[in-house]
Amino acid sequence: AQRVTQPEKLLSVFKGAPVELKCNYSYSGSPELFWYVQYSRQRLQLLLRHISRESIKGFTADLNKGETSFHLKKPFAQEEDSAMYYCALLTGRRALTFGSGTRLQVQP
Amino acid sequence: DAGITQSPRYKITETGRQVTLMCHQTWSHSYMFWYRQDLGHGLRLIYYSAAADITDKGEVPDGYVVSRSKTENFPLTLESATRSQTSVYFCASSEQGTDTQYFGPGTRLTVL
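Respectively, the protein sequence lines represent chains Y and R. So the first sequence is numbered by the working numbering: it starts at 84 and just counts up by one. So the second sequence is numbered by the working numbering: it starts at 335 and just counts up by one.
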């Protein structure tokens, strides 16, 4: 069965510090992984997907199949990055399996 | 994304009552999903639908019923609400052939 693990419930950093939100997965097939973000009082929305290998709002994430990880990184955190971040795995039936989420707090 | 809406946004009900949460999308997306969000669990899939009249169970379907007679609507019914169903419920949709899901604003349900 598929599983997504986000070991940190809360990550607190200062503005300008690097950020790394951890995500590990377990899946027997070829994984398709995503990061979704939920800002305060806003809807859950897609941040980035591993297939596109893009950088969104300064965030990047690399799929490491050997370590079964998909960590989200940003070199310099901004206050507006404060939000709840969810790592998610797409299953064969096109639904998402989510991790439990990490709340990122960027302090001034 | 006003294209996917949920109603009501907040609901308080009592144990044993039937409750229906509504989800409506204007994009004609084929896929629709219901998730519940609980502290420590993230979002878990309740039911999903690949098209009108095609539905299937997700990870936590017990106590819930869905229907999809029209592409744009995907109501979720709690047949006899229990306190363990107190949660925030999110509806989402995605277009066939794509992997991006678009989420509604959520319904916060409290079962007393």
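For the record, the hints were derived by calculation from the structure and aren't laboratory data. Misleading hints may appear alongside valid ones.
[Stated by the list, open to error] Just a few of them, taken from the derived set where beta-carbon distance is under 8 Å, the chain R residues facing chain Y:
1) Ser341
2) Tyr344
3) Trp361
4) Phe367
5) Gly374
6) His375
7) Gly376
8) Ala385
9) Pro395
10) Tyr398
11) Val399
12) Gln419
13) Val422
14) Ser428
15) Asp433
16) Pro439
Even glycine gets a Cβ: it sits at the ideal position worked out from N, Cα and C.
| request: Identify whether the interface hint at Gly376(R) stands, where standing means a beta carbon of chain Y within less than 8 Å of its own. | output: 4 Å, holds
| said: Holds or violated: the hint that Gly374(R) contacts chain Y, with Cβ atoms closer than 8 Å. | reply: 6 Å, holds
| task | Double-check Val422(R) for me: the hint is only fine if its C-beta lies closer than 8 Å to a C-beta in chain Y. | result | Val422(R) check fails; min Cβ-Cβ to chain Y is 10 Å, beyond 8 Å.
| query | Do the numbers back the hint for Tyr398(R), that is, is its least Cβ distance to chain Y under 8 Å? | reply | Check failed: Cβ of Tyr398(R) comes no nearer than 15 Å to chain Y, outside 8 Å.
| said: Next item in the hint list is Val399(R). Is there a CB on chain Y closer than 8 Å to its CB? | reply: This interface hint is violated because 18 Å lies over the 8 Å limit.
| How about Pro395(R): closest beta carbon in chain Y under 8 Å, or not? | The hint is violated - Pro395(R) has no Cβ within 8 Å of chain Y, the shortest such distance being about 12 Å.
| task | Mind checking the CB of Ala385(R) against every CB in chain Y and telling me if the closest is under 8 Å? | result | 11 Å, violated
| Minimum Cβ distance from Ser341(R) to chain Y below 8 Å? | Since chain Y brings no Cβ nearer than about 15 Å to Ser341(R), farther than 8 Å, the hint is violated.
| message | Is the interface hint satisfied for Gln419(R)? The criterion is a beta-carbon contact with chain Y at less than 8 Å. | response | Violated. Min distance 19 Å.
| said: Take the shortest C-beta to C-beta distance between Asp433(R) and chain Y; is it under 8 Å? | reply: Where the cut-off is 8 Å and the nearest Cβ of chain Y is about 6 Å from Asp433(R), the hint holds.
| query | Is the interface hint for Ser428(R) satisfied, with its Cβ closer than 8 Å to some Cβ of chain Y? | reply | At about 7 Å, which falls below the 8 Å cut-off, the nearest Cβ of chain Y leaves the hint on Ser428(R) intact, so it holds.
| Are Trp361(R) and chain Y close enough, Cβ to Cβ, to be under 8 Å, as the hint says? | 15 Å, violated
In the structure shown, a violation is registered for the earlier hints numbered 1, 2, 3, 8, 9, 10, 11, 12, 13, in ascending order.
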